[in-house]
Amino acid sequence: MNITSLFTTNYRNIQRKEMQFSERINVFLGKNAQGKTNLIEALFLIGTLKSIRRADESQLIQFGEQEAKLASLVNKKGIKKEIEIYYYRDKAKRVLVNRNQIYKYADYLGNLNITLFSPDDLIIVKGDASYRRRYLDMLFSQTDKAYLLDLMAYHRILKQRNSVLKDIRSKQRQEHLLDTWDEQICKYANRIVQKRYKNVKFLNEIANKMHKKLIFNENLSIKYIDTIYCGVDENPAEYEKDFILKQKRVRSQEIARGITLLGPHRDDLEIKINGVNTRIFGSQGQKRSVAISLRLGEAEYIQEMYDEYPVLLLDDIFSELDDERKNELLQLLRPEAQIFITGTSLMDFQSMLRHAKVFKIQQGRIEEHHGHEKKRAQTA
Amino acid sequence: MTIYLGALARLIDELGRMPGVGPKTAQRLAFYLLRQERGEVERLANTLVEAKDRIRYCATCFSLCEEETCPICRDARRDASTLCVVEEPNDVFVLERAKVFRGRYHVLMGTLSPLDGIGPEDLKITELLKRLKDGTVKEIVVATNPDVEGEATAIYLGKLIKPLGLSVTRLASGLPAGGDLEYADDITLGQAMSGRREI
Numbered sequence: 001m002n003i004t005s006l007f008t009t010n011y012r013n014i015q016r017k018e019m020q021f022s023e024r025i026n027v028f029l030g031k032n033a034q035g036k037t038n039l040i041e042a043l044f045l046i047g048t049l050k051s052i053r054r055a056d057e058s059q060l061i062q063f064g065e066q067e068a069k070l071a072s073l074v075n076k077k078g079i080k081k082e083i084e085i086y087y088y089r090d091k092a093k094r095v096l097v098n099r100n101q102i103y104k105y106a107d108y109l110g111n112l113n114i115t116l117f118s119p120d121d122l123i124i125v126k127g128d129a130s131y132r133r134r135y136l137d138m139l140f141s142q143t144d145k146a147y148l149l150d151l152m153a154y155h156r157i158l159k160q161r162n163s164v165l166k167d168i169r170s171k172q173r174q175e176h177l178l179d180t181w182d183e184q185i186c187k188y189a190n191r192i193v194q195k196r197y198k199n200v201k202f203l204n205e206i207a208n209k210m211h212k213k214l215i216f217n218e219n220l221s222i223k224y225i226d227t228i229y230c231g232v233d234e235n236p237a238e239y240e241k242d243f244i245l246k247q248k249r250v251r252s253q254e255i256a257r258g259i260t261l262l263g264p265h266r267d268d269l270e271i272k273i274n275g276v277n278t279r280i281f282g283s284q285g286q287k288r289s290v291a292i293s294l295r296l297g298e299a300e301y302i303q304e305m306y307d308e309y310p311v312l313l314l315d316d317i318f319s320e321l322d323d324e325r326k327n328e329l330l331q332l333l334r335p336e337a338q339i340f341i342t343g344t345s346l347m348d349f350q351s352m353l354r355h356a357k358v359f360k361i362q363q364g365r366i367e368e369h370h371g372h373e374k375k376r377a378q379t380a
Numbered sequence: 001m002t003i004y005l006g007a008l009a010r011l012i013d014e015l016g017r018m019p020g021v022g023p024k025t026a027q028r029l030a031f032y033l034l035r036q037e038r039g040e041v042e043r044l045a046n047t048l049v050e051a052k053d054r055i056r057y058c059a060t061c062f063s064l065c066e067e068e069t070c071p072i073c074r075d076a077r078r079d080a081s082t083l084c085v086v087e088e089p090n091d092v093f094v095l096e097r098a099k100v101f102r103g104r105y106h107v108l109m110g111t112l113s114p115l116d117g118i119g120p121e122d123l124k125i126t127e128l129l130k131r132l133k134d135g136t137v138k139e140i141v142v143a144t145n146p147d148v149e150g151e152a153t154a155i156y157l158g159k160l161i162k163p164l165g166l167s168v169t170r171l172a173s174g175l176p177a178g179g180d181l182e183y184a185d186d187i188t189l190g191q192a193m194s195g196r197r198e199i
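Protein chains in written order, with the working numbering: chain A, 1 to 380; chain B, 1 to 199.
Since the hints were made in silico from the structure, they are not lab data. Bear in mind that the values here come from a model prediction, so they are computed numbers and not experimental data. Treat the hints with care, as some may be off.
[Said to hold, decoys possible] Lysine-lysine pairs mimicking DSS-like chemistry, simulated, CA-CA at most 25 angstroms apart:
1) A/K171 <-> B/K124
2) B/K159 <-> A/K159
3) A/K93 <-> B/K24
4) A/K187 <-> B/K159
5) A/K104 <-> A/K187
6) A/K159 <-> B/K124
7) B/K24 <-> A/K104
8) A/K248 <-> B/K159
9) A/K248 <-> B/K162
10) A/K246 <-> B/K159
11) B/K124 <-> A/K166
12) A/K187 <-> B/K162
13) B/K159 <-> A/K166
14) A/K171 <-> B/K159
15) B/K24 <-> A/K69
16) B/K24 <-> A/K91
17) A/K17 <-> A/K69
18) B/K162 <-> A/K241
19) B/K159 <-> A/K241
[Stated by the list, open to error] To give an idea of the interface, some chain B residues facing chain A are shown, with a C-beta separation under 10 angstroms as derived from the structure:
20) P114
21) D147
22) E149
23) K159
24) D186
Just so you know, even glycine gets a beta-carbon here, dropped at the ideal spot from N, CA and C.
Looking at chain A on its own, in the form it has when it is part of the complex (with noise of 0.2 angstroms):
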């Protein structure tokens, strides 16, 4: 799978240029703050309809416009996709895949995968558990429309759920009314849960497999937590029966609080190196190099479920580690993976040069760099 094009027009700051890539590495050269980050999340909206910054979609058209529209030709198995989106100050978004418009996100899914590398990945490790959740969410949702779908049905439920339940705590309604949607939530909380279940458990195998190439003599192991067992004993097959019995316990404290206390809305991930809690007890270095298998887990995970390694992104990814876990990492990302990477300097490509296309992004102005190649005709 690779992104063979990127023509944007209004787009942040970004100027209107075609840019052809290349099937392998791609370097997006710059100092800080001239548009480099802003490519990323050009390819990022592309793949996935969201923004990395989780910015207002008005904020993505340049000042004084009134719509930004990005394109690209995506290769997929030889398919040849082209993906337009228009963004617009006034109304909703459009989409388009070979001039067909998509209207529901959970059919654009699968067009484009990819696995971005961030600094902001840190946040997984160690933020609270909505950002774990968010992780495992987005990946599972990728690759599987179902799980998308059950999710954003079981938030419907949620909204509406709690609502009930502050109507019985004003008094305003009768407790019975919350059968209705204990039963709703029950349902699609195990369908979630199942499937967490069985993904975590095989993105547990694959992120330590990655994580012990990465660092010699760690043993990585990420652990689903869910609100009725809490990670002791679990029992995935009686989850649906066992919820039922513990949400009648609690309901008079979820009526007293106003809030649904049970479900896959309060799950967690439970990361550990070496049997310690990383959360807790890691270090920086040791959070970021988690973060780091988190994402290599997730691109192998990717490669499992569709057959093809997904395009990655690796925005500002060098800069955080030493010179050995760089090239561990290079290592670690399959030959044939199309990347795209930012950086300030070449000097932290040379081992990649040979096979990449650099651009170098100046105030929103890109100029492909030849510099490289030059230089070696000249010494030659």
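Fit chain B to the known structure of chain A by using the hints.
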């Protein structure tokens, strides 16, 4: 639309408030209307008012009609023992067009949605229970939409009506007729698979 003034701007505004009509369609409709003869426009205006004045909800099933009760409720040939419960009056027309149901209807006028403050008392559920009292109805077919709120409403009705000794059924969801397996989406296929039956 700041470039249009006075009556034209108001017309575009009014048309744009309708569902499915965006600013561009509203403009196109407005200009179309202005091109018509006065009589044509007058006829349209009168039709709107007349429809609004004459059409009301059926006192029994809450479908739309022009009399006290709707033609379906008055039709003695319809099977009085089965009642199909739908969300909106429009759903009655959809099912009637398909000619797949020979019983009578009951329109709930919405679905349960606590978020929007809609509870059982806001739906025509008391009226539904009243219709079940004389024992004529033997089966209830719940035909609410297969979304979160539609499902919740169906579950609620099931819990309410089953204890009365009536049969409560729910429309099946699955493969579209005449469609190819390969064109069905994953969710529909999943539902069709779990709802499979013996042949």
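Results for each hint:
no.	hint	verdict
1	A/K171 <-> B/K124	holds, 22 angstroms
2	B/K159 <-> A/K159	holds, 22 angstroms
3	A/K93 <-> B/K24	holds, 16 angstroms
4	A/K187 <-> B/K159	holds, 17 angstroms
5	A/K104 <-> A/K187	holds, 24 angstroms
6	A/K159 <-> B/K124	holds, 24 angstroms
7	B/K24 <-> A/K104	holds, 23 angstroms
8	A/K248 <-> B/K159	holds, 18 angstroms
9	A/K248 <-> B/K162	holds, 23 angstroms
10	A/K246 <-> B/K159	holds, 22 angstroms
11	B/K124 <-> A/K166	holds, 24 angstroms
12	A/K187 <-> B/K162	holds, 21 angstroms
13	B/K159 <-> A/K166	holds, 22 angstroms
14	A/K171 <-> B/K159	holds, 22 angstroms
15	B/K24 <-> A/K69	holds, 21 angstroms
16	B/K24 <-> A/K91	holds, 12 angstroms
17	A/K17 <-> A/K69	holds, 12 angstroms
18	B/K162 <-> A/K241	holds, 23 angstroms
19	B/K159 <-> A/K241	holds, 19 angstroms
20	P114	holds, 4 angstroms
21	D147	holds, 8 angstroms
22	E149	holds, 7 angstroms
23	K159	holds, 6 angstroms
24	D186	holds, 5 angstroms
Consistency note: the structure conflicts with none of the earlier hints.
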